[in-house]
Structures are given as structure tokens and as C-alpha cells.
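Novice: Here is how the chains run, residue by residue.
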Amino acid sequence: MEEHAINWQALAWALGWLPAVLALFWWGIRLPLAQTGGAWRRRGRSALILLAGAAVFVLALSALTRHDSHVDLTREKLYTPAPTALAVARGLRVPVSVTYFYQGQDPNAQRARDMLMLMARENALLSMTAIDPDKQPSLAATHGVKMYNAALIEVADRRVIVQGTDEAEFAIGIQRALRERQVQLCVVEGHNEYAIDNEEFHTHMDSGSSHSHDDAASKVIETTGHGIGRLRRTLESVGYDVQRLPLATVTEIPSDCAVVIDANPRTTWLPGESLALKNYLEQGGAALLMFDLGFSLEPGLRELLSTLGVRMTQSVVADRLSHYGTDEEMVAVTGYDPHPITRHVAYSFYPGVRPLELATPTAGVTTTALIRSGNTSTTRAVAAARRPVTTRRSRAHLPAPARAR
Amino acid sequence: MIAPVSDDRPGLSGPVLLAHDLTYDYGRHRALTGLSFELARGEVLGLLGPNGAGKSTCLRLLTGYLTPTRGYATLAGYDVTQDGPAARRHLGYVPEDPLLYPHLTVDELLRLFARLKACPSSTIHDECDRVATRLALNEVRKRAAGKLSRGFRQRVAIALALLGAPDLLILDEPTNGLDPWQVIELRELVQQLAAEHAIIVTSHVLSEIERVAHRALFLREGRLLGSYVIARDQPGELERQFLAMTRPRV
Amino acid sequence: MNTFAALYDKELRGLFLQPIAWVLMAVFLLVVGYTFATSLALTKTAALSQVIFQASTVLLLLVPLISMRLLAEERRHGTLEMLLATPVREYQIVLAKFAASMTLIAAMLAPTLVYPVVLAWFGQPEWGPIYSGYLGLLLLAGFFNALGLALSALTANQVVAATLTLGLSLLLWMIDSLAAVLPPPWDDLLLQASLLAHFTPFATGAMYLSDAGFFIGGTLFALFCAVRALARR
Numbered sequence: 001m002e003e004h005a006i007n008w009q010a011l012a013w014a015l016g017w018l019p020a021v022l023a024l025f026w027w028g029i030r031l032p033l034a035q036t037g038g039a040w041r042r043r044g045r046s047a048l049i050l051l052a053g054a055a056v057f058v059l060a061l062s063a064l065t066r067h068d069s070h071v072d073l074t075r076e077k078l079y080t081p082a083p084t085a086l087a088v089a090r091g092l093r094v095p096v097s098v099t100y101f102y103q104g105q106d107p108n109a110q111r112a113r114d115m116l117m118l119m120a121r122e123n124a125l126l127s128m129t130a131i132d133p134d135k136q137p138s139l140a141a142t143h144g145v146k147m148y149n150a151a152l153i154e155v156a157d158r159r160v161i162v163q164g165t166d167e168a169e170f171a172i173g174i175q176r177a178l179r180e181r182q183v184q185l186c187v188v189e190g191h192n193e194y195a196i197d198n199e200e201f202h203t204h205m206d207s208g209s210s211h212s213h214d215d216a217a218s219k220v221i222e223t224t225g226h227g228i229g230r231l232r233r234t235l236e237s238v239g240y241d242v243q244r245l246p247l248a249t250v251t252e253i254p255s256d257c258a259v260v261i262d263a264n265p266r267t268t269w270l271p272g273e274s275l276a277l278k279n280y281l282e283q284g285g286a287a288l289l290m291f292d293l294g295f296s297l298e299p300g301l302r303e304l305l306s307t308l309g310v311r312m313t314q315s316v317v318a319d320r321l322s323h324y325g326t327d328e329e330m331v332a333v334t335g336y337d338p339h340p341i342t343r344h345v346a347y348s349f350y351p352g353v354r355p356l357e358l359a360t361p362t363a364g365v366t367t368t369a370l371i372r373s374g375n376t377s378t379t380r381a382v383a384a385a386r387r388p389v390t391t392r393r394s395r396a397h398l399p400a401p402a403r404a405r
Numbered sequence: 001m002i003a004p005v006s007d008d009r010p011g012l013s014g015p016v017l018l019a020h021d022l023t024y025d026y027g028r029h030r031a032l033t034g035l036s037f038e039l040a041r042g043e044v045l046g047l048l049g050p051n052g053a054g055k056s057t058c059l060r061l062l063t064g065y066l067t068p069t070r071g072y073a074t075l076a077g078y079d080v081t082q083d084g085p086a087a088r089r090h091l092g093y094v095p096e097d098p099l100l101y102p103h104l105t106v107d108e109l110l111r112l113f114a115r116l117k118a119c120p121s122s123t124i125h126d127e128c129d130r131v132a133t134r135l136a137l138n139e140v141r142k143r144a145a146g147k148l149s150r151g152f153r154q155r156v157a158i159a160l161a162l163l164g165a166p167d168l169l170i171l172d173e174p175t176n177g178l179d180p181w182q183v184i185e186l187r188e189l190v191q192q193l194a195a196e197h198a199i200i201v202t203s204h205v206l207s208e209i210e211r212v213a214h215r216a217l218f219l220r221e222g223r224l225l226g227s228y229v230i231a232r233d234q235p236g237e238l239e240r241q242f243l244a245m246t247r248p249r250v
Numbered sequence: 001m002n003t004f005a006a007l008y009d010k011e012l013r014g015l016f017l018q019p020i021a022w023v024l025m026a027v028f029l030l031v032v033g034y035t036f037a038t039s040l041a042l043t044k045t046a047a048l049s050q051v052i053f054q055a056s057t058v059l060l061l062l063v064p065l066i067s068m069r070l071l072a073e074e075r076r077h078g079t080l081e082m083l084l085a086t087p088v089r090e091y092q093i094v095l096a097k098f099a100a101s102m103t104l105i106a107a108m109l110a111p112t113l114v115y116p117v118v119l120a121w122f123g124q125p126e127w128g129p130i131y132s133g134y135l136g137l138l139l140l141a142g143f144f145n146a147l148g149l150a151l152s153a154l155t156a157n158q159v160v161a162a163t164l165t166l167g168l169s170l171l172l173w174m175i176d177s178l179a180a181v182l183p184p185p186w187d188d189l190l191l192q193a194s195l196l197a198h199f200t201p202f203a204t205g206a207m208y209l210s211d212a213g214f215f216i217g218g219t220l221f222a223l224f225c226a227v228r229a230l231a232r233r
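Residue numbers (the numbering used here), protein chains in the order written: chain A, 1 to 405; chain B, 1 to 250; chain C, 1 to 233.
Each hint should be verified, as a subset may be incorrect.
[Unchecked claim] Computed Cβ-Cβ distance ranges for the label pairs, DEER-style: (1) B/Ser207 to C/Leu170: 44 to 50 angstroms; (2) B/Ser207 to A/Trp26: 48 to 54 angstroms; (3) B/His103 to A/Ser62: 40 to 46 angstroms.
These are calculated hints, taken from the structure and not from any lab test.
Everything numeric in this text was worked out from a predicted model, so none of it was measured.
Ideal placement from N, C-alpha and C gives every residue a C-beta, glycine not left out.
The following block holds chain A by itself, in its conformation from the complex (with noise of 0.2 angstroms):
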């Protein structure tokens, strides 16, 4: 495999470092020692082969230094960079400059530090300064860094900055940095959707066993969600832009967009919007719609997504064989067809989900179903009034983090 490729110029430095180091070894033992005149003059002869002796150790120290090589004799390869992280090192044509700003005390920077260093001997090209802010904090200010482990990867006029401690993760960002265009993903907001800004990893759902509120709900109870940064910061670890889509203050969707996400909204769209949203999906754009439970369709879009061939309902998926615990709402989804999208997710649960049914799209537009219940499952009409929510106490939303240009 590539990644374990031998570097053959630093073995043969090696090689040819030791007995260069033990020739010069034997010939400084076989000096004489015995030296005629004063004592002061033997003891400065003396001083000065000695003094030679250790500036022979350190050249040949930096020799092997310059031309070194990194083993790594562990099964998992653990202390060698991703095969994809060398990838990109080895790959790169321009010059690159990553300053890593990590906190010295933190064994996963370290490891972080160490990785970059290997990345950085794979190509002249690339450029890695390592930064302890604790020890210098005007240099990290000076660089505009403000958390510990970022990376801030600069190539001509472009800069990234990537926060981690995965090789991975600075080696995207070096792609990105290279990229001169981007693409941009447009998250619409207006409608109550989910923030992208915030900082918590999880949501919160709960089984409607223990409680329920009345027949027409779902007895899923859900929790108010805390977002989905992650998503944001998934996506940009990957390369993308993610952007804020305000789509009630536009009159059309920016062509730049090259994925419109609408994740939850709440409150039902304007015409506008959905004229808007047409017009993009009709001059090629994408959207992936996230609708939930509760959600009412404004006429203009359920006309346009029965066009798409698709049909929504104000009604929840029960699954009486294949779901979560003891709740039938709690759909679990065991298996996935062989699509580019869904070929690698696996066994899924999916909590209150709402069902698509497929109808016959406009001439031209193909309908494929991505995610199936199983035979078993049915759905169960609920109201239109939107679901109870159970509101917990939520921290504070965060401001939006400055985007890495």
C-alpha cells in the first residue's frame, strides 16, 4: 500500500550515515593522545579535540535530522498520518503554509503536531510551523486564531482555518483552500428551521410511553432541538460553504447555490418562496427538504413537490414489528437500496418520521424512494395542529462563528 511505501532516499541516508559516523569514530579514537610540550598547551589540544569530537556529533545528528524517516511499527499504523491525509500531501503542486496552533499540553495536538510534521516531509511544498499559543499569544493573535488546535492553512491569497486534531480533517482543508471556486450549500431560515450555528452534538427525543398528550399527536415527544451545527461544520470539514438562505427577502434563490436545505421549518412558506424555490429546482438547482411533522405545505409547494412526483401528509409512520424499544413510532429502517446516496448508511431509526407517498411526477422527473419502512409498518393520521412540544430549558444560541474565508 502507498502509505507504507519505503522512503527510499532516507534509508539509504541512513545507510550510509552510520558508517560514515563509525569511520569517523574509529579515526578520532585512533588520535594520539600522547601530545609533547606544557600542560596548558595539552590541556588546550585536548580542549580543542574534544570540542571537535561534539561538533561532529551535532553536524551528524542534523545530517540524519534532515534527511530523516519515520517508522511506525504499530499494527494499526497509529502514528502515521491517513493514507488520504499523505495523499493530499504528496499530491500538492503549489506551495502550502499550515501554522498549527495547538495546545502543547493536549496529547491529541501533540499527535496532531507530530502528524502534520510526517505530512510536511512528504512534500517540499508543503509548509508546517507548529504554535503553542500559551507560549506565544501575539503570533496567534497576529494570525487572527482564537481556539486552541486550529490550523490555518494558507495557499496563495486563500486561508482556511480547520479546528481539530485529525490529519484528516487539515488535509480536506488543505483541498479546500486549494479549491479556487467553492460550493455553496444554502440552508433557508425564516420558518423557525434548526440553527446551523450552534455548538451542541445531539437532540433530544423521547418515547411517548411514559406520557402522551392526545390521540392525534404522535407519541413521539420532541424535545426542542439545539440545531444542526454539526451538520455546518460536517459539511465544511468536507469542503463546503455553508450558507444562511433568508428565502423570504429574496425574490430568486442564487445560482451559486448549488443545494438549497430547508431542515424543519415550522411555520409555512410564503408563495413567494415557493415560486422562488421552483424557479431554482426548474433551472437546475437541488434541495433536500426536511419536513416534519406539524408542517403545513403552502399551496405553491405542494403543487411544486407533486410535480417532483411526491405527496405529503399530515400523518406519522408506525412500524409494529421493526422499530426502537417498545415504541411502534420509533420506525426502524433495516435495510437501504444500493444508491450512490444511501449505500452506505446502515440500520437507521427514525423517530415520528412523516411519510412520502409517491405519485406521478411531470414528464421528465424520475421519483426514486431511498428510505422504505417495512412491510409492516402503516401511518396514522394526526391532526394539522402542529404537535405538542415539550420545551426544555436551552442554552443560549451562540453567535455565528466568523466563516474561514
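Chain A is fixed; fit chains B and C onto it per the hints.
Specialist: Below, chains B and C alone, put in the same frame as chain A:
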């Protein structure tokens, strides 16, 4: 009476040892100044002087253990400083009160020093037998050196020095700590060895020097005061010469 | 070569015919064996990294006791003068003593090879870090040994030699602890001089060739100093 060395004494075949202007400083203290002499095979030279005269320093310069501040010495034609290993092949040295490796047996010591003196592998066994027989060590060959008496230790040290048939033997205070019988035995041994080797011997016992040496050098405060050719028919004369030369001036 | 072999043979006898070698071996195996047993019982992991680190610390303490007498004793007893009155050269004496004491150290480490055998019998240890760990121990011990030899050549007092060796070894072992608070380039310089910083990669199984070069170069330099120190008469 100081007399020059005679060149037509029996057994001489040119100098085995040549010392020229040997000078040595221990820091600011000059321990030896300008010592020059020659020694031929078959000649026994006694090195005499009070404590601190520079005898030990002289011997260490001749063995190459110390490097002269000035001057040089050659042994069998090799400079003892520049060609130390080659010169020391022709040297057998018995230090004052030799401390042997206590954990090694006499046999192991003989074999060790035979190898260190670069005796051919095929002759090591015979060489060890030769010197052990000559020094009457066969009965103690299997004994650890640490368990030997002073007298046997001295004999072992001489045996080690004889390995390889060196041209020059240096014996530093060889009679120290020996009983009278051992002193007599050693004297006889030195007289036998004198026929084949050049020997330098130091001792505080002037009568012993008078019995074994052909010539004596008198040192005091690092300087050579004079040389005396020992007359066998004038016993006690050495002592008188020694006192006359080395008595401190008032 | 014959001279070197003769000196090596003498040194080996001198080491193994004295009780100190066996006492040191027993102490080493006792401490390291205890570490092996307790780490295995507590972690139940087929790994030797804990043992390797412990062994390195024990070597730091015990190797000076091996090297302290190598040349100091010769000076004290006058046998050095007898040796140097033969055609032997100083570097031959130093190399023979180094080789013999490394043989003793290897003999100390050899019984610990049963630990990976035990791990392999009951589990699936990672062999890479085990190989590199033992290599690191040998290189580290060689460095301590050479350093001790150089300091032993400077004095006729074994205790002084051992104390100096232990002190200098300890200093070089923990010199990197200051690196965390020093600014560049001083932090990097201290890390470059640190024995622990260069040894740790061997224990973890991932190292640079320069880590091995550090120990090899340092050992050779110390031996060079030992030879030069013998010139002091």
C-alpha cells in the same frame, strides 16, 4: 668515582634503549630535567636517588605511560611516544608492588598478557610454560592471583614481563616486601636475565643494586647528577658514591 | 583483534566472576518482573510498553553501578599502568570494557524475553512496539554505559564515577520537562537533548531514524571522550 660507560663490555650490541633530554613537568613542578643515557643488551642499569628524585617519572616516560614535555626515548629503534605499541613489544615492565587482577588465575594472567604482547597464537602455550617454569610458578598456575603471597605475586609480575622475550626489562623496586630468601632468588634471577636483556632496576637497597647492576645513575630533584660504573671488587663503594652525589647541599 | 578479544575476555571474567553483576541482574529482573505482573493483572492488555518504560528507569539507576568500576578500579589499583606497558592502546581497552559491560546488560535483558512469549501464548501482542522497545532499551543502556565509562576514566574513585554518571543521566533524562515553559528555540533544543524524548518513540513503536542516531552518536561520542580521558595520567 664517576666513569664513562665502556663500549667494549661483553654482551653489548648497540643501545637497546636511548633516552635523550627527557624532561617532564607535573603542572608547574618539573619532575625530571634533561635526562639522557643509553642502555645496551646485557647491561643492568641501576636508577638511584632519594624520594622525589624522579625515578618513577623516568620509568613511566620509558614505558610510554607519560609523554615527555621535552626530549624523547627510543626502544629497539622505536620512539616510545610516537610508536608506542611497537616500542612496547620490546618491553617488559614490573611495577612497584604489582597488583594483579585478583579474579584471574596465574595461568589466565599469563595467557592474557601473552596475547596482549602479540605473541603468536601458536606459541602462546609454550611461552607461558617457559616463563612459568623459569619463575617456578607451575605449582600455583591454577591459583587466583588474589590469593598469592607477595613473593609469588612478584614472580608472576616478572613472568608477565618476560613474556614475548622483550629486549628491555624495567623492574621498579623489585625487592620491596620480599623476605631474604626471596631477595636472594630475585637477585640470582636478575643476574641470569642480564645475559639476555637490558635491564633497568630501581631500589632503595644499594647493596642489591651493587650486586646486580653494571652501572648506576644518580638522580636528585629531577636531575642526573652522575653515572657510576660499579666495581664488583669494591663493595660499599656505591653507597659512598651515592651519599657523595646526593647529599643535600648546605 | 586478538588483543581486543583478550581484553574482552578479561573484562567479561571480571564482571561475571564478581557478585555485583549477579546482584544487579537479580534486582533488575525483580523490579521489571514485578512491573510485568502488575501491569498484566491490571490492564489485561497484551502490551509491554509499561514494562519497557519501567526497564528504562531501572537501567538508568543500575548501569552506572556497572560502569563505575570499569576504569576507576584500574586506575586505583595500578593495573592500568601495567596494561599500558604492553602494546595495548587506550581505545582497545575502552572498547573491550564497553563490549563486556554491554554483554552483561544484554544478559540482564535476555530473561525478560519470556514476557512477550507469555503475551503471545495468551494473547495477540503487537510485535512492532516490542521489537522497537527492546532496541530502544539496548541503545539507551549503551548510552548510559558509554557515559559511565567516560566519567569512570576521569577518576580513581568508583563512587564519584557512579554519582557523576547517575546525575548526568538523570539530568538528560528529564531535561525536556523544562521545554514546556521555555519559548522557541530553547524548547526545541532541550527536546533534542532529552533522552526521554528520544526513547519514548521506541517504546510506542513509532520512531524517527534520528532517534536511533541520537543514541548511537551519543554513545560513540562518550566512548571517544573515554579514550581521551585515559590520556590523563
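Novice: Give a verdict on every hint.
Specialist: Hint check:
no.: 1; hint: B/Ser207 to C/Leu170: 44 to 50 angstroms; in the structure: violated, 58 angstroms
no.: 2; hint: B/Ser207 to A/Trp26: 48 to 54 angstroms; in the structure: holds, 52 angstroms
no.: 3; hint: B/His103 to A/Ser62: 40 to 46 angstroms; in the structure: holds, 44 angstroms
Of the hints listed earlier, the one the structure fails to meet is number 1.
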